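Going down the list, the sequences are from chains A and B. Read left to right, the first sequence gives residues 1 to 681 (my numbering). Read left to right, the second sequence gives residues 1 to 169 (my numbering).
Since the hints were made in silico from the structure, they are not lab data. Keep in mind that this is a model prediction, so the values were computed, not measured. It cannot be assumed that every hint is accurate.
With a cut-off of at most 27 Å between alpha-carbon atoms, the simulated BS3-like pairs for lysine-lysine come out as follows [to be verified]: (1) B:K129 with A:K7; (2) B:K81 with A:K16; (3) A:K384 with A:K338; (4) B:K129 with A:K212; (5) A:K195 with A:K212; (6) B:K21 with B:K92; (7) B:K166 with B:K21; (8) A:K21 with A:K307; (9) A:K338 with A:K307; (10) A:K338 with A:K316; (11) A:K149 with A:K195; (12) A:K7 with B:K81; (13) A:K195 with B:K129; (14) A:K195 with B:K14; (15) A:K619 with A:K670; (16) B:K166 with A:K283; (17) B:K129 with B:K92; (18) B:K154 with A:K7; (19) B:K92 with A:K195; (20) A:K283 with B:K14; (21) A:K12 with B:K16; (22) B:K81 with B:K166; (23) A:K212 with A:K25; (24) A:K12 with B:K81; (25) A:K283 with B:K42; (26) A:K195 with A:K68; (27) B:K16 with A:K283.
If you only want the chain B side, here are some residues facing chain A, beta carbon under 10 Å, derived [said to hold, decoys possible]: (28) W58; (29) F69; (30) L93.
Here are the simulated distance ranges between beta carbons [stated by the list, open to error]: (31) A:S162 with B:K3: 46 to 54 Å; (32) B:V33 with A:V193: 37 to 45 Å; (33) B:N43 with A:N305: 32 to 40 Å; (34) B:A150 with A:P653: 55 to 63 Å; (35) B:K92 with A:I477: 37 to 45 Å; (36) A:V193 with B:L152: 28 to 36 Å; (37) B:E29 with A:S260: 55 to 63 Å.
For every residue, glycine included, the Cβ atom is placed at its ideal position computed from N, Cα and C.
What follows is each chain in one-letter form.
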Amino acid sequence: MSSIYPKIYTIKNVDKETLEKWYTKLVVGRRLDERAPNYLKQAIGWSYHAPYAGHDGIQFAIGQHFDKETDHLFPYYRDMMTCFSAGLTEEEIILNGISKATDVAGGGRHMSNHFAKPEWNIHNVSSCTGNHDLHAVGVARAMKYYSHKGVSITSHGESSVSEGYVYEAINGASREKLPVIFVLQDNGYGISVPKHMQTANRKAANNFIGFKNLRIIHCNGKDIFDSMNAMAEAKKHALEAGEPVILQANCVRMESHSNSDRHELYRSENERNYVREYDPLAKFRRMLLRYDRFTEEELQAVEDNAKAIVKVAHKKAMKAPDPDPATIMDFVMPEPYKAEKYPDGVHDFDGEKTKLVEAINHTMKAEFRENPDTFIWGQDVANKDKGGAFNVTKGMQQEFGEQRVFSAPIAEDFIVGTANGMTRFNDKIRVVIEGAEFADYFWPAMEAYVESSHDYWRSNGQFVPNMTIRLASGGYIGGGLYHSQNIEGALATIPGVRIVYPTFADDAAGLLRTSLRSRGMTVFMEPKALYNAPQAAAPVPEDFEVPFGKARIRRTGRDITLITYGNTLIYSLEAANKLAEEGIDVEVIDLRSLVPLDKETILNSIKKTNKAMVVHEDKVFSGFGAEVTSTIMDEAFEYLDGPVKRVGSTYTPVGFNRILEKAILPDTDKIIATAKELKAY
Amino acid sequence: MSKTGIFYSFHTNKTKKASEKIVEAFGKENLVVINAEEVNEKNFLQFDNYIIGVATWWDGELPNYWDEFVPAIEDMDLSGKKFAIYGLGDQKLYPENFNDGLGIFAELIESRGGELIGFTSRDGYEYEKSRAERGDNQFYGLCLDQENQARLTKKRIENWVEDLKKIFI
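Next up, chain A with everything else stripped away, as it sits in the complex (with noise of 0.2 Å):
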């Protein structure tokens, strides 16, 4: 670790036009920074401001050490000067302040003061800030994997330490070895609470003292020539070595932390004089004029013009475009690979059988055979002749390397956040993850699912993550509490990404298939307690293809219509059987896919039925079923000859003993009993 750095840059050695230009691009940003607030106090918009005044240095370095054609930025809300030394616009910069149409960084659909330009790499993030650390090592995976000289920077205050998707990033940055730099623009705040309330550690960077690989510098962001000198120092260390680093940069906030925010309940007036005072835009103005590179005359021209370049921006940007309503379901979820062998997702091939985790098996690994930008990472996924909790990914690494198919730590967010980052590097990359050891620990991954499930409407449909998330799911195991979990009610309720639970190989097969063609976000669940069972074995077409939102029945019947998926449509099948023997003739529609759903075939069947219910593995109270439910009454009222009935779990987790959780999960004899309930009416 050494904070030493060559003085690359000096007050004395730039050149006066370079000088001039740099002066120029502070004293435009400062003012935009400066006339931010007015467009909210008239109504015109940029609501959410976090000023970036004192945060001046290292933020114009940053941007003057990102090269677009090589690197990859992913900045924070407190980013303009970041991204305005980048390379954005005066008027770009306005665009996303007032959130027209026209603004680059996504058509005014994310938060103002979110800069970015997907089309330059400079990435639209979140705002739960610091979570972009995993896409950046993501995406510097994918430079390492391809050999590609860049770097990937990624910049947020040094609060963001105290978040564990930090830790999780920077941890696997040294581990792989990988071309980040974490830039932490430390204010001393994370709004009101004072960095002694985050970290004990004054200078937090040193947190991370013990981590190999890494590098890291401390420099004085503030200050225009050392920050410069120390971007400098990082990019190319990222670049020659090959490793991480992280670059504190010491800063002051000038003003609140956001317009929703009044520094003046919690720092004294002293205090924030005191900050004011270390203003690094007029101490880069006093050096200009004490070492005579510009006389006052002509910094007074620098500025004047200034003024000029930002009322003309102003201008155009008020004329610009608003976002159109009627987009408003434009870049939810991309169009996904069309299945035009198997177009409804079924066939009458009649080979031997294949098991659930041989079907996933095999088609992970024809996929991977036809598609050289597949990779696959995730708990326990590859170590020797281990693949996979169940076995899932079993040979996989033999086959293709440990670059495309390897074990990641025991981190799912981080999981998660860096396959959504190795995508951003081209569209064609295409990651499979596991992304828990079972359905029940993926939690902690959910703000990295949340945050990429946001990525296509955010961007306004210029970027998208294409990564199939398996998840060993469901009960029936005595797995108890935490082996047990379905979580596909509680993913259904958050837009942008498909949903499919498949059952039989045949399906599995099919839908992983297109998944792994399709560009995009799929949740892929595999009923677990099915991996090897021979209810759930099939004849697998060797080019099965499901398209998604397409359900299957799976036994025609005239009495009752049945939704369900997962294992208890294995429970459904068999408790029609036995109602077939007692003159009830029930309907199996196995959904497959929950999103996008297929309305078409549950109405179309209740048409002929006249009643209807619902089965599935999670808790009825607030489970899939529900909105399966509602959108038949909403639907096919008028065709209901009785209520949607309901089966599923108590409003409980999953008792461990046997017992419990017989008693818990829905069986074949509380279908039976549903049933023969709904005949009734």
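Start from chain A and add chain B according to the hints.
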């Protein structure tokens, strides 16, 4: 007797008070007092002996008035000149960079050929890290801590100034 100049910021509070005590102990008649915020090449280079007040700002930085003068010092030949440096720091709130400003300035002076004098013992301080440290359990100059050891300041100044007098006067 060679000319001795003392430089400190008149705009500060604690550094200014400590500086006034140093001036008093040294004897005002023996010093030329200059506001560090008005330092320039001309008024800086006129002395043979220097007493320099350098506070530590933020997490281990020079205050602006010195920091902005660094590029000028970097081009100076200070050989034949003697420098005694003092600074104020806070051992408890800023233990990772106690009196770093003093150390940064001392290293700069030394790199330009200036001779440092007025080293003091590190005994009696409790902190984690400081750029003001030099070998042999010493600081590059006089470290004061008005926040936590104000009662020791008077004695520390008196002892330090006595040592300086032997060299400067």
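*Taking each numbered hint in turn, which are not upheld by the structure, reported in ascending numerical order?*
2, 3, 9, 10, 11, 16, 18, 21, 23, 26, 35
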